[in-house]
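> Same order as they appear, the protein sequences are chains A and B.
For the first sequence, the positions run 1 to 114 when the numbering used here is used.
For the second sequence, the positions run 1 to 114 when the numbering used here is used.
Simulated from the structure, these hints should not be mistaken for lab results.
Check each hint, because a few of them may be wrong.
Claimed, not checked - Keeping only pairs whose Cα atoms sit at most 30 Å apart, straight-line, the calculated DSSO-like set for lysine-lysine is: (1) LYS49/B <-> LYS68/B; (2) LYS49/B <-> LYS61/B; (3) LYS61/B <-> LYS113/B; (4) LYS57/A <-> LYS49/B; (5) LYS96/B <-> LYS61/B; (6) LYS96/B <-> LYS57/A.
So you can see what is in the structure, the chains are spelled out below.
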Amino acid sequence: KAGVTQTPRYLIKTRGQQVTLSCSPISGHRSVSWYQQTPGQGLQFLFEYFSETQRNKGNFPGRFSGRQFSNSRSEMNVSTLELGDSALYLCASSLVGTGGETQYFGPGTRLLVL
Amino acid sequence: AQSVTQPDIHITVSEGASLELRCNYSYGATPYLFWYVQSPGQGLQLLLKYFSGDTLVQGIKGFEAEFKRSQSSFNLRKPSVHWSDAAEYFCAVGLKEYGNKLVFGAGTILRVKS
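Turn these sequences into a full structure, and let the hints steer you where they fit.
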């Protein structure tokens with residue numbers, strides 16, 4: 001069974017631009033969560049989607065948004081990029097996201113904002 | 001506030017020696033508890049998890065962890081470390097009411113010397 005895939009793997013943007021990252025969950029998984037990983041703040045929860053609905057949201061500004069499609073694939077968007085948005089963005093999928101489920105992480109998208 | 005503490009930023013052990021990585025959490029209720037490992041440039045891989053029941057849980061790659069409610073701890077152990085265990089280890093907690101949202105510790109970087 002294929003794992004979680006994230007595209008692109010690497011991305012360079014400049015301040016003020018926007019970016020869209022994509023995550024394809026494991027087949028049959030309906031819950032997708034996104035995390036931001038930085039050296040200073042560590043791993044922080046962004047949001048979780050299940051059945052095309054945002055179910056949980058972390059403490060990030062409105063510039064960070066996401067969506068989920070009917071095939072469970074998810075995208076996250078960051079508008080008006082700031083230098084501090086440089087990070088590794090990880091997505092994780094699980095069957096139904098009922099809490100305590102094993103979440104399978106993708107390799108991440110490394111975003112560099114110049 | 002909910003928090004997860006991994007007091008050791010770096011740990012160096014000799015190959016073949018035993019290992020213990022510490023994790024403490026601050027939550028009102030008993031959370032779900034996880035240990036993940038991350039190799040450079042990779043996503044997170046689940047080592048083991050605890051929900052309830054037996055407080056000693058076995059995981060992959062010869063790792064185990066013990067939940068101690070009185071100490072709010074979930075320490076990871078391995079009796080004999082291999083060079084391939086060098087990586088960063090993250091403790092994470094979740095709560096049933098927050099779905100798949102995980103709160104991660106800052107991580108412990110494990111170095112293995114031959």
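> Now, for every hint given, state plainly whether the structure supports it.
Hints, verified against the model:
1. Our distance criterion of 30 Å between C-alpha atoms is met by LYS49/B and LYS68/B, whose separation comes to about 14 Å.
2. As the CA atoms of LYS49/B and LYS61/B are separated by approximately 14 Å, the hinted pair is consistent with the 30 Å bound.
3. The straight-line distance between the Cα atoms of LYS61/B and LYS113/B is roughly 18 Å, inside the 30 Å bound, and the hint therefore holds.
4. Of the supplied pair hints, the one linking LYS57/A and LYS49/B holds, its CA atoms being roughly 23 Å apart against a limit of 30 Å.
5. For the hint linking LYS96/B to LYS61/B, the alpha-carbon distance of about 27 Å falls within 30 Å, and the restraint holds.
6. Among the hinted pairs, LYS96/B with LYS57/A is consistent with the structure: their alpha-carbon atoms are about 15 Å apart, no more than 30 Å.
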